[in-house]
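Given only the sequences and the hints, what does the whole structure look like? Please build it.
Protein chains in written order, with the working numbering: chain A, 1 to 164; chain B, 1001 to 1164; chain C, 2001 to 2083; chain D, 3001 to 3083.
Treat each hint with caution, since some may be false.
[What the hints assert, rightly or not] Simulated restraints, written as ranges between beta carbons of each label pair:
| id | chain 1 | residue 1 | chain 2 | residue 2 | range |
| --- | --- | --- | --- | --- | --- |
| 1 | B | A1065 | C | Q2041 | 32 to 42 Å |
| 2 | C | E2073 | A | D138 | 27 to 37 Å |
| 3 | B | E1016 | A | D42 | 50 to 60 Å |
| 4 | D | W3008 | B | A1043 | 15 to 25 Å |
| 5 | B | A1065 | A | D42 | 23 to 33 Å |
| 6 | C | T2038 | A | R70 | 42 to 52 Å |
| 7 | B | S1099 | A | K20 | 30 to 40 Å |
| 8 | A | M1 | B | P1053 | 38 to 48 Å |
| 9 | C | L2015 | B | A1017 | 41 to 51 Å |
| 10 | C | T2038 | A | P72 | 45 to 55 Å |
[Claimed, not checked] Heads up, incomplete: computed chain B residues facing chain D, CB under 10 Å, no partners named:
| id | residue |
| --- | --- |
| 11 | L1049 |
| 12 | M1055 |
| 13 | K1058 |
| 14 | V1092 |
| 15 | M1112 |
| 16 | D1113 |
| 17 | F1121 |
| 18 | W1122 |
| 19 | Q1124 |
| 20 | K1126 |
| 21 | V1134 |
| 22 | D1141 |
[What the hints assert, rightly or not] In silico lysine-lysine, DSBU-like type, Cα no more than 30 Å apart, as pairs:
| id | chain 1 | residue 1 | chain 2 | residue 2 |
| --- | --- | --- | --- | --- |
| 23 | D | K3063 | B | K1058 |
| 24 | D | K3037 | B | K1086 |
| 25 | D | K3012 | D | K3037 |
| 26 | A | K126 | A | K144 |
If you are wondering where the hints come from, they were derived from the structure by calculation, not from laboratory data.
C-beta atoms are modelled at their ideal positions from N, C-alpha and C, and glycine is treated no differently.
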Amino acid sequence: MIRVQSEDFDIGAEIEALRKGRSDIGAIVSFTGTVREGDGPDALESMTLEHYPGMTEKELARIEAEAHERWPLQASLIVHRYGTLKPGDNIVLVVTASSHRHAAFEAASFLMDYLKSSAPFWKQEKGKQGPRWVASRDSDDAAKARWDKPTAQPKAKPKISAVE
Amino acid sequence: MIRVQSEDFDIGAEIEALRKGRSDIGAIVSFTGTVREGDGPDALESMTLEHYPGMTEKELARIEAEAHERWPLQASLIVHRYGTLKPGDNIVLVVTASSHRHAAFEAASFLMDYLKSSAPFWKQEKGKQGPRWVASRDSDDAAKARWDKPTAQPKAKPKISAVE
Amino acid sequence: MRLLYFAWVREKAGLSSEEVELPADVTTVAELMAWQKTRGQEFASAFERAEVIRAAVDQAHAKPETEIAGASEIAFFPPVTGG
Amino acid sequence: MRLLYFAWVREKAGLSSEEVELPADVTTVAELMAWQKTRGQEFASAFERAEVIRAAVDQAHAKPETEIAGASEIAFFPPVTGG
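Right under this line is the structure:
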């Protein structure tokens, strides 16, 4: 399930809703991303998240579907906020439920890596130095690349006297 | 922080307590382990967790301290229940907070793997086939071994005409 | 065709969306970006560093060589920074 | 010395804790397990598969070769299954 909203979310209530009435789950992982205040001249007063309504929902749904293809998940949730947030506020929540703890952990980590590199959100920080668009980080692309499936090697035509 | 208790825990309240008043965190990961009902002849009616009071607290504290040595964590929590639980009930909660999402994910996964292989708890399942002690799984030891630090190879004395 | 702009591309271009008629020889995302640079000072500035600008064709991530024929909505934006 | 038993080791031994005086030649965890087998039918049964039983000396995981001199509390139990 995915949601894009300006309102805050309640982590405990979201997890409860996901597991309600189910006794087949075993493992639930949640990730919550929050606004970091930072310090010194970089200290934040607020952060504004802009997004691309329509595409955002499509991307989140696509990423979630891919996680379900890769891991045996019984349920999942992505909630991403937009609008103006203050230090300490929630930004994003990802929850995964599985009967296997490693599947739940990996799927949640995968969802966050993909979301960072694919979901059309942009952050503008406001602090003492005026507004500043947050630059994307190469480390986020590298994190996403961790999940690349090994490319199928094109089969080479057998050469005569090739060594297997 | 660690806690061993028979009472249930409230995931949302635990996360809130951990982050309260802090605006430096960035990433919070939670893992919740719950009792799976199972099905068919293996269906559970209840599960009883026995533990070793005194050693349990020491082991959990040791595991938590090791996570803080390995990753830059700002806060962490392990809550483990004992006593008789029903399908769907909470068993264990691990929460990690860091400014880096991968640190939070890895530390939580590490804590669970270590806890499964080191914390002195034993599960007895009760179902239609009478009580049954749950056997430990090799896969849990393998999961713990993932985190082994590479052992320094003892330097072999060079053999004469050895092939490198 | 509807064009959308986000984040600093929106700020530099000075608008968030518009309806345009494209020249017939503009058939790919890269060609559309090159054409944008010719649309006056704001667009020249917005698309100056075209190599860092990303595009979506009908709300799906696109590459410079992606064909735009038949698309109804194309968006331009900096690399995303969600999560 | 205090000895503790957990899970099916406790059930088979028929007790959860006891105070014992160890013979002087019992100096390691492995020797203590071998001695346990000589203490009647219940202990012989509890420690029959000694290779799968784990021990803790003064509340820390121990190995068969761990020395027990000076320890105040030794526990025996099956491989743990928490989490």
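Numbers of the earlier hints that this structure fails to satisfy, in rising order
Violated hints (numbers, rising): 1, 3, 20 and 24; every other hint is consistent with the structure.
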